[in-house]
Every structure is written in structure tokens, then in C-alpha cells.
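Now for the letters of each chain:
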Amino acid sequence: MTLPLLRNCWYVAAWDHEILGDTLLERTILGQSLVLYRKQDGQPVAMNNKCPHRHAPLSMGRKEGDALRCMYHGLRFAPDGRCTEIPGQANIPPGTCVRTYPVAQRHRWVWIWMGDPALADPAEIPDTPAQTDPGWRMKPGYKNFAADYLLISDNLLDFSHLSYIHERTLGGSPNIAEARPEVRRMERGIRVTRKVPDTVPAPYHQRLGKFAGRVDRWFHYDYVLPGILLMDAGVKDAGKADDDLEGALLFNSTQALTPETEHSTHYFFMQAHNFALDDATITESIYQSLCTAFEEDRLMIEAQARLIRSTPAEPMLPINADAALQQFRWLVQKFWKAERQDEPAAQRLSA
Amino acid sequence: MTLPLLRNCWYVAAWDHEILGDTLLERTILGQSLVLYRKQDGQPVAMNNKCPHRHAPLSMGRKEGDALRCMYHGLRFAPDGRCTEIPGQANIPPGTCVRTYPVAQRHRWVWIWMGDPALADPAEIPDTPAQTDPGWRMKPGYKNFAADYLLISDNLLDFSHLSYIHERTLGGSPNIAEARPEVRRMERGIRVTRKVPDTVPAPYHQRLGKFAGRVDRWFHYDYVLPGILLMDAGVKDAGKADDDLEGALLFNSTQALTPETEHSTHYFFMQAHNFALDDATITESIYQSLCTAFEEDRLMIEAQARLIRSTPAEPMLPINADAALQQFRWLVQKFWKAERQDEPAAQRLSA
Amino acid sequence: MTLPLLRNCWYVAAWDHEILGDTLLERTILGQSLVLYRKQDGQPVAMNNKCPHRHAPLSMGRKEGDALRCMYHGLRFAPDGRCTEIPGQANIPPGTCVRTYPVAQRHRWVWIWMGDPALADPAEIPDTPAQTDPGWRMKPGYKNFAADYLLISDNLLDFSHLSYIHERTLGGSPNIAEARPEVRRMERGIRVTRKVPDTVPAPYHQRLGKFAGRVDRWFHYDYVLPGILLMDAGVKDAGKADDDLEGALLFNSTQALTPETEHSTHYFFMQAHNFALDDATITESIYQSLCTAFEEDRLMIEAQARLIRSTPAEPMLPINADAALQQFRWLVQKFWKAERQDEPAAQRLSA
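Protein chains in written order, with my numbering: chain A, 7 to 357; chain B, 7 to 357; chain C, 7 to 357.
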């Protein structure tokens, strides 16, 4: 089965700090090797990482002002992709250029549009305000998973796995798996609400040192195309009224999956807290808990991906817990088919 | 050429100590990833290592009593493969299960039957009594060879290589290669007898410290399908009558090849001694000699396998020393063809 | 596109010191695994690295006088490839042999002819006298590049890259890229002359400690099939007459590319100096400069090769600086097509 890879949508390409100063960042997205950098005014630039002359990687080049020079034979390109110098040669053939991509920074993420540039509307970029809001604190995270993005989407759309994979980190009891989430389909995503009343705090809650007895937990999130999780979650003493947040811990998490290749995925994530703002150890502890947990996910999902690739194809057995992930996979297929109908055959082949 | 892989036969899956306690052992056999564990009553269990839900590896799961729980989303399976719990869901669809395989422990080996379960008869398991007989001592060995099992079978069926590969370990002189073995075909294997009279003791015999002058050596073994070596071997002062074993060193060796994939093989081995039973350094010295020698084999056979795979196919030049290995390869082909005629086409494709 | 690999030509197989004493050197050339060694009279021998018996690598064998014994089952081969012993067997079937190749040592290189032996004429071997001339000093170099030999040929045929890749080693300024070389086609190669007047000395010239002000630099070289560079180069104070070599530094460089596989290349190189003959630190410093610079090349060319292989094929944009490399690629194609017309179809398939 071909993996559906949407092109006409915004992907997270990088954290802002990954392209500071003279950095030329190589990053492969949808199988395309790109070079990312920042102009002197701070605007990000993304172009194909391949000099049109001898196909040397531009990411091994050099930033010169806003331009990028290939350091094999010295061709220089403006940030719009036009070639502006060929050493030892006065004429530059018209049309000599590198393909560039629409990019935009919002809060701490640099987004990229890999499809038809005419359709790129930055207003459609999902909002992630807690990344920069002074009322929240967080530490940015990144992992690379050797698995296709849909297997990781599956994971994010069914938190029942917290009870098992993350038993000793984010989970803590089978109650999370036993709770039935509400799942609602939106135009470009899935809205999931999972309430876990009267349970034990997660091991990482215990490290934050707040709860003596049982707690109520909740997760509200939108998971939108192409693979962006926007979540509010929390924990408070069990049995209090919904709007009584005295002593509650609130979290805001933003996570983004960007396909690197058909078999690997960039995973950008953060989980912000709005309490203990001046205690850096709390921020660090939450970040470390997340890294540990996502490492648990990575081991499982990469093993799952290897097993799927190395064994004959077999159907998966659907269970109730799959509701959200099934609907999201259906949505991906729908938009993917629409994209392929819209684009001319020639473009489809070269994509 | 397709590698013939018999299914309707008993393979060694593991040494007994590999599945003690709560261990879930992942082992790939005939290309199939399996999970092996032991029930509370000690009986071994083998099942496909793939949860039918989202294809996560069950070997990353958890043993709960006699059952096995998938630690991705929590499905639980009985040792007969039936699913007995789906978290958050009361009904379990009928037929929800994982394929299991007939297994049986004999002495220190756990055997598995990868073919039609209806044909599995534990009475056909080759006997390896020296593994547990108090009159013998041994230490269990395991290696993984990046080569198909037939290349290793070839090695075990022609001990002339002792004179060359193992010149400084198990060999000691060209006499072994020069001796002509008796080779007899049996219904499911080959019987080889090689006598090497009036020769020098092998370097490892010298470490056992018994012989001043020349010796007689002998190797009697059956090599049976799918790749099991059962050997009695010995060394004694040269020129004595055959039945005069005063001062002789007797060895019993059991070795088993189990194809992991088309290009890699599990190799289980031990060589037992019936002298110096209470001297653990003798047991260890023999074990280390074997490990060193099999490492010599591994380097040669893996290089041979790489060369065969990386170069155009060419016929091999038969020589006299190949008699036993040629007959065994013929036997494998015969049983393999018979198996393929017996099984329905559909099963063949999915195998 | 299939990589053109010429067979009827002399390739460098090894530096002389790589096959001293009892060494059996495994080296793959044009995809063929070979074993190289030296007879007792010093003559080099090259044969296929595959025992015809069970396809074990002969390079894991043992030199016995001028013969080579396979250390798997003991077959012995004379340096002309004939089998002269099969252990345990009196008769050797006629025709039992390993293919050998014409080889010849000239100065410090051992050359091999991979094509039709009837066409091998050692008189055609390019001359590399500075390798052994007492008026020169050098240290032999070797690297393996994970790239096809034509990408490295491209590099050697366009020194404009010295200004960029080697800016801080062999280059020093954009002047090298700006200078227009003379390019002349010869029957079996390309002659390149690049003069770079009134420029700065290269960083490695500065380490040799000779120049206060600006300099003239020059590179004269022949680059001949299948990929041999024979160069005289130099640097002297700017503005002096061409024949005034007072204080000049002269270099003679010989470099050879030998395809290992379609995607990897052996690179043999040296750069000799005819000044400071008794100062070993100068020889070492020049060698280290070259190693550092060729490591810069390797990183770029291997990245280029990966990019070309991992992305859809696109045409390369020709620029003026490509003149020499384009002509050499044309020459390779011409000789390659001629070879393929001359050889019978059957031989072509097995090649």
C-alpha cells in the first residue's frame, strides 16, 4: 500500500532555534532534501538542497548575506532561488535557479508548504500560542522515528496506550485505557476528549509533588491534518467540581509529525505548564518525562514498523479504541485522493 | 536458487535456560518472528510475535501468569493463543487469536514444529541424552551465522576442514583431510565415520594434558534432518586395540542448525566429556576451544556466503570429500519437494 | 544510466608495499573480488578470490612458496591459477583452475588488466617516474570513496573547486576558479593547463614557509583513461619570467582512480616535491595537506553521490568550467561503446 503523503498543507519544518546565525540546516521532508536558513532580517528560507550544476548539496555551502553559495564550484543563489553568480563566467543562463518553498514562522515553529505555492495561505497555520506566551513555560523537543507518520498518528489518537507503554511514566493505571473518549470529526481533523475520573496520579505527576490521594485527569485535544496535536490536559484532586481548578496542574502540549521519508518521521513536541513558572527544574522535569515516554513510544512503534515491513501483509484487527485513528486515516485518504485528482498527471509523477 | 526450508520437522528453538522466569524471548525461525516463554508449570509456549490488533511485537509485552499481555494497547492472550481481554471493551470477537506452534522440551533443548501441527509427533525428536546425563559434563553454546544453514551443514558433513580452518584448534595435521570417511545414507540423514590413526593430538587435546606421543582419533556421527549433529568422538594412544579405552578421551557432541532467515542461521551446540567430571576448568576449556573453532568457521562461512551472494552464480567443483554433504543436500531437496507437493498452493504462498 | 566501466585498460590495483611478504590482499576491482600477492621473485600475482571448490575466499588462505592454499578444504593453486593439490584425492580433474589477470609493477604501483589478456600490453602503462626518482620525495596515499569514479574524475578535471572546497587547504582565493584553463583533447585523455597569476599562496604553501608576497601558480596535467592524473604544478614569486624558477616550489603528482564497484572507488595518490629532499617533515606536511584536502573532496563527493542516488534523475546544468570533464566523459563513452561492440555477447553478459 502506498503511504498517503499530503502536499498542500503546512508542515512543521524546524524549531526556530535550529536555524540561527549562519546555520544551513539540511532536512528531508516528504523525501525531498531541503536546505533551511534565515535571512538577515530573520525571515526563514527553504530551498531544494541540490545545486543545479553538479547536484552538490547546498547545505554544505556557505551563507553570504542573504544568499547561499555552493561550496563545490562556487555558484551563488539568492533567497528566491535565482542563481546570481557562476565563477569564471559572465553570463548566467536565464532560468538558472533552485526551487524554493513557502515558509512562515509562527511562535517557535517554522512551517513549510510542500505543495502548489499558489495555494499556500499562512492564515491556515494552526495556532500554538503557549510556545511563546509568558504565562506558560516549556522546553522544545525533537525526535526522529524510523516509522511512517501514520503509525505515530495512530499512537497520538488512542491514549489507551498510556496505560501500557507508559505505565511507569505518563500512565499509572489501566483506568486510562478503560475510559471511553468522546471522538468528534472536524473538517480537517479529529477532536478527542478523554476524562479519567478517580484514578491515581501518573508517576510524573508524583514527581511534581502535589497529590496525596486520588485524582481526576483529562485530555482535550484536536488532531489536525497533516499530523498536528493541540492539547489541553490536566490533573486535580478527585471529586471536585469541573470548574474548581484550585491545586490543579494544567498542561498545554503541541506536537507535530512531518514525514521525512515513507519510513521515517520528524517529531516536534513540547508540553508547557502554567504553574511554578519560575522553577526551571519543573520545566526540565516535565521535558524529561516526555522524552522518556516518547522514547518508550519510539521503541514500540519502530519495532511495530519493522514487523509490518518484514512480514507478509495481514489485516489489522479493529477494536473499539481505534475509533479516532480510523477516522483520521479516513480523512487523510480523502484529502490525498482530492489532491491527486487536482494535480496534473505530469506533476504527480515528479512528486 | 531458492533455499529449501523444511517445515514439517522439529527444529531447536532455544536452550532451556533462555526462557526462564518472566523472559519473553524473541526468536525468528524460518523468517517468522516468534515469542517464546514458559508457563508456570514449566511448559514452553511459542506464538507469532505479532499482536493481531496493530501488529506490535508481543515480545515487548508482559507475562501475566500463563498469559501474555501486549504492552502497546493491552490485549491479553492465553498460552493457546486465544485473546482473553481487550481493554475498554466487553466483547471479544470470536476467532481473535495469535497462531501458536507445537513445542516440546527434551533434555536441555526446546524444540519447535513450524509446519502442519497435525503432523507433529514429539516421538520423532532426536535424542540428546548427554545434555542431562550425570555421567557427562558440558556447557551450552550458541552462535548466529550470517549464512544459510546449508553452507554450515556442508561444513559439518566434511571434517577435512579441521586440517585447514582448525589447524591450530581442533585439527593439528593434514591427516584428518587425508583420511577417507565411511558415508552411509539413512532414511532421514547421513552417518559418517572417520578414523584418523597414528596422528598428532589436536592442539585442544594437548591442553587437556594427556598424550605424550601419537594418537588415534575417531569421529562417529549422524547428521539428520533438518540439521542436527549427534556425535561420539574420541582420542587415545596410537596403536591400541579398538576396545581398549584406557586413557582415552571420549566426547559426545550435539549441534543443531535452525534457519533464522534465508541468509542467517541459529547454531546451538555443546561438546560433553565423560572424564574429569568434577574439574570445571576442563569443561570450560573444551567449551572455549569449541567457541574459538566455531568462530573460525563463522569467519570463513560468512565470507563464503558474501562471496556467493555478491558474485555471479557459478557451479561449484565437486571433489571426493564432498560425498556426505552432496547426499545430505540431495535428501533435503527430496523432503522439500515432498512437502511442497503435499501442501495446498494457498498455504505454500503464505508460508 | 549504466556506469561505463572499461575493461581493456590498465588499472592501478595496489601500492607496492600493500603486498609485501606473505600478505594476501583482497581487493575488489570492477566488482570482481581479487586476491593479490607476490611470488618469491617479487612478481605480483592477481587471481579471482574464489576457490572453485566451495567458493571460499582465497584471500583467507595461505601463501606456500609461490602457491596459494585455500584454508577451507586445502586445495592448492599455482600462481598461474592451476590447481596442484586436492587433499585426500590423487586425481585433479583437468581444467581445475582459478582465473588470473595480467599484472605488472611500474615504479611503486602494481597495475592490473581486467579485460582480454591478449590485448594487455605493459608498454601502455602510464609512466610515473617521480614515485621512485631519487630527485623527488613523496609519501603514498590511499582513500576509498563511496562514489562512482566519474564523479571523482569530474573533480580532478575542474580545479575551480580548489577555490571553494579547498579554500583553506589547497586553494586560498577565488582566483583559481576565475582563471580559464586551456583544455586539449588527446587520443586517450585530456590535457589541462591552468595558470593563476598574481594570487595569494595556498594555505599549505604558507606552511612550507617560502613566500612573503603574491605568487604565480600553475597546474599542467594529463588526465588519461581509465582515470590517471599525471601532473606538474608549482608556485613562485609573482611576476617573474616563466623560466626563472629560483625559489619556486615544484610538485609532481600522480593519482589514480580504480572503480571498486559501481558505487565506490579506490583512490591512489601521491604528491612529490623536489626541494628540501632531506627534510622529512616537509614530505609529511605535504602528504597531510593532501589527505586533509582529499577528505574535503570525499565528504562533498559522497554527499553528492547520495543526493544523486536518492532523488529523481534531473539533468545537470552545464557551465563553462565543465569543458574538460565533459570531454573526458565523452571519451569514456566512446571507448566503452567500442569495447562492447568488440566483445561477444556472451562475454558481455558475464562481465
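In short, the hints are calculated from the structure, not lab data.
Please note that the accuracy of each hint is not assured.
One copy or any two copies: either way a pair holds, since identical chains are not told apart in the list.
[Said to hold, decoys possible] Result set (SDA-like, lysine to any residue): computed pairs, CA atoms no more than 25 angstroms apart in a straight line:
(1) Lys201 to Glu130
(2) Lys149 to Met66
(3) Lys69 to Ile314
(4) Lys149 to Gly101
Note that the structure is predicted; figures quoted are calculated from it, not measured.
(message) Could you work out which of the previously given hints the structure breaks and list their numbers from low to high?
(response) 1, 4
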